[in-house]
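Go by the hints and put chain A onto chain G.
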Amino acid sequence: MRYEFKLPDIGEGLHEAEIVRWFIQEGDEVAADQPIAEIQTDKAMVEMTTPVAGKVVALAGPEGTTVKVGEPLIIVDQQQSAGYENASEKSKTGQPKKRVIAAPSVRKRAREMGVPIEEVEGTGEGGRVTFADLERYAKERESASKEAAPALEAAESKTDRRHETAANEERIPIRGLRKKIAEKMVKSAYTAPHVTGMDEIDVTKLVEIRTSLAKQLEAEAIKLTYLPFVIKAVTRALKEHPIFNATIDEETSEIVLKKECHIGIATATKEGLVVPVIKHADRKSVRELAVEIAELSEKAHRHTLRIDELQGSTFTITNTGANGGWFATPIINYPEVAILGVHAIKRKPVVIGEEIVVRDMMGMSLTFDHRVIDGEPAGRFMRMVARILEHPEQLLLDVR
Amino acid sequence: MFDQSQLQFEMIQLLDENGNGDEKELASFSDEFLVTLYRWMRKARVIDERLLKMQRQGRIGTYAPFSGQEAAQIGSVLALEKDDWIFPTYREIAACLAHGLPLAQIFRYVRGHLSGGRTPEHLNIFPIQIIIGAQTLHATGCAWATKLKGETQVSVCYFGDGATSQGDFHEALNFASVYQVPVIFFCQNNQYAISVPVHRQTASRTIAQKAVAYGMKGVLVDGNDALAVYKTMKKAVDAARNGEGPILIEALTYRLGPHTTSDDPTKYRNAEEAEQWRSKKDPLRRLRVLLERRGIWTEEKEEAWVAQVNDEVTAAYEEAAADETGSIVDAFNYVYGKPSKLLQEQQEDARRKRKQEVK
Numbered sequence: 335m336r337y338e339f340k341l342p343d344i345g346e347g348l349h350e351a352e353i354v355r356w357f358i359q360e361g362d363e364v365a366a367d368q369p370i371a372e373i374q375t376d377k378a379m380v381e382m383t384t385p386v387a388g389k390v391v392a393l394a395g396p397e398g399t400t401v402k403v404g405e406p407l408i409i410v411d412q413q414q415s416a417g418y419e420n421a422s423e424k425s426k427t428g429q430p431k432k433r434v435i436a437a438p439s440v441r442k443r444a445r446e447m448g449v450p451i452e453e454v455e456g457t458g459e460g461g462r463v464t465f466a467d468l469e470r471y472a473k474e475r476e477s478a479s480k481e482a483a484p485a486l487e488a489a490e491s492k493t494d495r496r497h498e499t500a501a502n503e504e505r506i507p508i509r510g511l512r513k514k515i516a517e518k519m520v521k522s523a524y525t526a527p528h529v530t531g532m533d534e535i536d537v538t539k540l541v542e543i544r545t546s547l548a549k550q551l552e553a554e555a556i557k558l559t560y561l562p563f564v565i566k567a568v569t570r571a572l573k574e575h576p577i578f579n580a581t582i583d584e585e586t587s588e589i590v591l592k593k594e595c596h597i598g599i600a601t602a603t604k605e606g607l608v609v610p611v612i613k614h615a616d617r618k619s620v621r622e623l624a625v626e627i628a629e630l631s632e633k634a635h636r637h638t639l640r641i642d643e644l645q646g647s648t649f650t651i652t653n654t655g656a657n658g659g660w661f662a663t664p665i666i667n668y669p670e671v672a673i674l675g676v677h678a679i680k681r682k683p684v685v686i687g688e689e690i691v692v693r694d695m696m697g698m699s700l701t702f703d704h705r706v707i708d709g710e711p712a713g714r715f716m717r718m719v720a721r722i723l724e725h726p727e728q729l730l731l732d733v734r
Numbered sequence: 166m167f168d169q170s171q172l173q174f175e176m177i178q179l180l181d182e183n184g185n186g187d188e189k190e191l192a193s194f195s196d197e198f199l200v201t202l203y204r205w206m207r208k209a210r211v212i213d214e215r216l217l218k219m220q221r222q223g224r225i226g227t228y229a230p231f232s233g234q235e236a237a238q239i240g241s242v243l244a245l246e247k248d249d250w251i252f253p254t255y256r257e258i259a260a261c262l263a264h265g266l267p268l269a270q271i272f273r274y275v276r277g278h279l280s281g282g283r284t285p286e287h288l289n290i291f292p293i294q295i296i297i298g299a300q301t302l303h304a305t306g307c308a309w310a311t312k313l314k315g316e317t318q319v320s321v322c323y324f325g326d327g328a329t330s331q332g333d334f335h336e337a338l339n340f341a342s343v344y345q346v347p348v349i350f351f352c353q354n355n356q357y358a359i360s361v362p363v364h365r366q367t368a369s370r371t372i373a374q375k376a377v378a379y380g381m382k383g384v385l386v387d388g389n390d391a392l393a394v395y396k397t398m399k400k401a402v403d404a405a406r407n408g409e410g411p412i413l414i415e416a417l418t419y420r421l422g423p424h425t426t427s428d429d430p431t432k433y434r435n436a437e438e439a440e441q442w443r444s445k446k447d448p449l450r451r452l453r454v455l456l457e458r459r460g461i462w463t464e465e466k467e468e469a470w471v472a473q474v475n476d477e478v479t480a481a482y483e484e485a486a487a488d489e490t491g492s493i494v495d496a497f498n499y500v501y502g503k504p505s506k507l508l509q510e511q512q513e514d515a516r517r518k519r520k521q522e523v524k
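Protein sequences appear in the order of chains G and A.
Sequential numbering of the first sequence, starting at 335, is according to the numbering used here.
Sequential numbering of the second sequence, starting at 166, is according to the numbering used here.
Chain G extracted, bound-state conformation (with noise of 0.2 Å):
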């Protein structure tokens, strides 16, 4: 009989959780109340047991992954169930992996030293692994490994890189958000050409207005910054550029125009970057999403983003702010077409007529893929965008 052991509710009201480490591996005999593997939840780092014995047909993932509460956790066949006790006894001997007996801040501790805890030998009760245990195990590893033969750790080094060079580093393994990030990055830099062109915009008019309505809207307790006015002028833009409001379908080979324009900010957090939606940004008006940007924003920092609120994309802006340099070359968020990104506004001397004057000026750079969007186009496109936020009034023109 097939037993799905579901991920419960561990927690009081848990959503997932990751899985850290498996003890087992397909094809295992499991033991009832054998533990199986260790998850993180977004309370505590916890070891689960099987509820049942048999054999193991299937895990919910490499570890790494992300469960939800109610989806099979392991999948065990009952019927070549070896029972409570018999199965335990096989445990200690027929497993591929040994199961080790430790305290869960053991075998954190063992996780950040980079120690493999099934090779370490417990010395506490009923061959417990203890704190010690861990010590006497890196320093017998640091001596071997210094007595070892230089041409034996060459070639060694690749397979046991992380037993060296422990001492002197720290590694962090690479999960979750920042997992998530760096695949989607490898994905969009290796599948897109991606180009990226740049510009100056003159903003003073922009620094003018948002000054002044910032103040006006203080009252309210809404937080104007520029983004509201790069959205206005990029959703004006994209309507004259529908190009630019698209995403590839690979396996057709085609390209999809959006008719809807959401989009996508990219959003700085302390674990790493999201991309919350403003949906329909076009229909809105600035006030409306200066309230939404901060909504979303508060949200990324709480981690209190829904899925939908983080999906559905077609545009997407970075604003490195103030802080993030003049240009960028940013990476676009695949499968979009393109990504805009503006930069810090700095008092800069520029040449107006034929004379130098002090001017507001901001950095803006646009990538775009390259096997749909050419040069010309992409020009002209940031040419439409640039004179909006330099002649912001002309946003009027299209207030209803």
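Since the hints were derived computationally from the structure, they do not count as laboratory data.
Glycine residues also receive a C-beta, built at the ideal position from the N, C-alpha and C atoms.
Watch out, some of these pointers could steer you wrong.
Stated by the list, open to error - Computed cross-link-like contacts, DSS-like style, restricted to lysine-lysine with a CA-CA straight-line distance of at most 30 Å:
id	chain 1	residue 1	chain 2	residue 2
1	A	Lys445	A	Lys218
2	A	Lys446	A	Lys466
3	A	Lys446	G	Lys442
4	A	Lys432	G	Lys377
5	G	Lys340	A	Lys218
6	A	Lys218	G	Lys377
7	A	Lys312	A	Lys503
8	G	Lys518	G	Lys573
9	A	Lys445	G	Lys473
10	G	Lys377	A	Lys446
11	G	Lys340	A	Lys520
12	G	Lys633	A	Lys432
13	A	Lys432	G	Lys402
14	G	Lys340	G	Lys518
15	A	Lys396	A	Lys445
16	G	Lys340	A	Lys518
17	A	Lys432	G	Lys604
18	G	Lys518	G	Lys592
19	A	Lys446	A	Lys432
20	G	Lys442	A	Lys445
21	G	Lys513	G	Lys442
22	A	Lys399	G	Lys442
23	G	Lys473	A	Lys432
24	G	Lys377	A	Lys445
25	G	Lys402	A	Lys400
26	A	Lys446	A	Lys400
27	G	Lys402	G	Lys557
28	A	Lys189	A	Lys399
As the list claims (entries may be wrong) - Some, not all, of what chain A presents toward chain G, calculated at C-beta under 10 Å:
id	residue
29	Leu421
30	Ala436
31	Arg443
32	Asp447
33	Thr479
Same frame as chain G, but now just chain A:
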């Protein structure tokens, strides 16, 4: 001016961390008693570990593990008469079992069955208290009642270090001492109230010394030394039964696991500290050393006992799991002997909502 440094509460200990102690003192405990004591403690540990696993398997609800506090709970309960009253909190599963609560009933409680809150008729165990410190008043009231009725039972109130910051605790101690009622306030100082360490909980050097303020006796005992706990409790209960008034016992111990299954103690406790209590200071270990030295316990006996308890746990779980959990509609029947009008209305409301849900 009087300073607390002038108070000396020496911690009573009969069995040190290595299972050694004054031979004459230790000889006063019979082999039979020692084995019973140890079996209970080992049984409690096995049950606690199984319950924790079962929570992770989604078989029971939120659970508050007690591992590490077996000596304090079992040692104190075994010093009681069968009809003495105990007032447990959610962490006193071991104390409840040793005082006679069937294991299946524990399962009904942790699975959230309505019947899980009920104590079988013949047992003097108050319902498990979740409100921190509230049971100190219930115990005082119960002890007062037994005194007024001329009965001989002693009331034993269990609580933790965190509860000593509650107003209820101070009211209960004051009242109990003024009226000289037969109640034992048994504080398991496991050193953390969820994440608050005891030195942030109270500026007193000991919890035991708080008794002095209320004019009652206070005792500090090594809560991981089952023999010291038993002896201290026995003396206290005898005194209370003799009409000598209430006593505050502080049993210094340590919770090895999380506060509840929703807690991660590694966030607020030093890993080395926890490991020390888990290995060197473990309450089961030192007693087992003594038993083995006396030749009354072996590895074979241990294995057989653990296997037997495991079977018992499985059987008790299955017994409870086969029961009806009871619905929200039934819950109203257990509030008052005779339900009030308001309660009946609420029950009707619940019944209607329930029907809608079923549809």
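Structure-based check of all given hints:
Proximity of Lys445 of chain A to Lys218 of chain A is assessed by CA-CA distance (about 24 Å); at most 30 Å being required, the pair is judged to hold. Our distance criterion of 30 Å between C-alpha atoms is met by Lys446 of chain A and Lys466 of chain A, whose separation comes to about 23 Å. Pair hint Lys446 of chain A plus Lys442 of chain G holds up; C-alpha atoms about 22 Å apart against a cutoff of 30 Å. For the suggested pair Lys432 of chain A and Lys377 of chain G, the alpha carbons sit about 10 Å apart, so the restraint of at most 30 Å is met.
Distance check on the hinted pair: Lys340 of chain G and Lys218 of chain A sit about 14 Å apart at the alpha-carbon level, within 30 Å; holds. Of the supplied pair hints, the one linking Lys218 of chain A and Lys377 of chain G holds, its CA atoms being roughly 17 Å apart against a limit of 30 Å. A distance of roughly 28 Å separates the Cα atoms of Lys312 of chain A and Lys503 of chain A; the hinted pair therefore holds under the 30 Å criterion. Only pairs whose Cα atoms come within 30 Å are accepted, and Lys518 of chain G paired with Lys573 of chain G is accepted, the gap being roughly 27 Å.
For the proposed pair Lys445 of chain A and Lys473 of chain G, the alpha carbon gap of about 23 Å is at most 30 Å, so the pair holds. The straight-line distance between the Cα atoms of Lys377 of chain G and Lys446 of chain A is roughly 28 Å, inside the 30 Å bound, and the hint therefore holds. For the hint pairing Lys340 of chain G with Lys520 of chain A, the CA-to-CA distance comes to about 28 Å; that is within 30 Å, so the pair holds. At roughly 24 Å between alpha-carbon atoms, Lys633 of chain G and Lys432 of chain A fall within 30 Å of each other, so this suggested pair holds.
Distance check on the hinted pair: Lys432 of chain A and Lys402 of chain G sit about 24 Å apart at the alpha-carbon level, within 30 Å; holds. With a CA separation close to 29 Å, the supplied pair Lys340 of chain G and Lys518 of chain G stays within the 30 Å bound. Only pairs whose Cα atoms come within 30 Å are accepted, and Lys396 of chain A paired with Lys445 of chain A is accepted, the gap being roughly 23 Å. For a cut-off of 30 Å, the pair hint linking Lys340 of chain G to Lys518 of chain A stands: about 29 Å separates their Cα positions.
Taking the CA atoms of Lys432 of chain A and Lys604 of chain G, the gap is about 19 Å. The hint holds against a cut of 30 Å. Distance check on the hinted pair: Lys518 of chain G and Lys592 of chain G sit about 21 Å apart at the alpha-carbon level, within 30 Å; holds. Proposed proximity of Lys446 of chain A and Lys432 of chain A is supported: the alpha carbons are some 22 Å apart, at most 30 Å. For the hint linking Lys442 of chain G to Lys445 of chain A, the alpha-carbon distance of about 21 Å falls within 30 Å, and the restraint holds.
Between Lys513 of chain G and Lys442 of chain G the alpha-carbon distance is near 20 Å, which keeps this suggested pair within the 30 Å criterion. Taking the CA atoms of Lys399 of chain A and Lys442 of chain G, the gap is about 43 Å. The hint is violated against a cut of 30 Å. With a CA separation close to 27 Å, the supplied pair Lys473 of chain G and Lys432 of chain A stays within the 30 Å bound. A distance of roughly 29 Å separates the Cα atoms of Lys377 of chain G and Lys445 of chain A; the hinted pair therefore holds under the 30 Å criterion.
With a C-alpha separation of about 54 Å, the suggested pairing of Lys402 of chain G with Lys400 of chain A is violated against the 30 Å cut-off. Taken as a hint, the Lys446 of chain A and Lys400 of chain A pair is honoured in the structure, with Cα atoms around 25 Å apart against an allowance of 30 Å. The suggested pairing of Lys402 of chain G with Lys557 of chain G is violated, with an alpha-carbon distance near 36 Å, which exceeds 30 Å. Restraint check for Lys189 of chain A and Lys399 of chain A: satisfied, since their Cα atoms lie roughly 18 Å apart, inside the 30 Å limit.
With a cut of 10 Å, the hint placing Leu421 of chain A at the interface with chain G holds, because the nearest CB-to-CB distance is about 9 Å. Among the interface hints, the one on Ala436 of chain A holds; its C-beta lies about 4 Å from the nearest C-beta in chain G, closer than the 10 Å criterion. Taking 10 Å as the C-beta contact cut-off toward chain G, the hint placing Arg443 of chain A at the interface holds, the least distance being around 7 Å. Satisfaction of the interface hint for Asp447 of chain A is found here, the shortest Cβ-Cβ separation to chain G being roughly 8 Å, below the 10 Å cut-off.
Proximity of Thr479 of chain A to chain G holds as hinted, the smallest CB-CB distance being about 8 Å (cut-off 10 Å).
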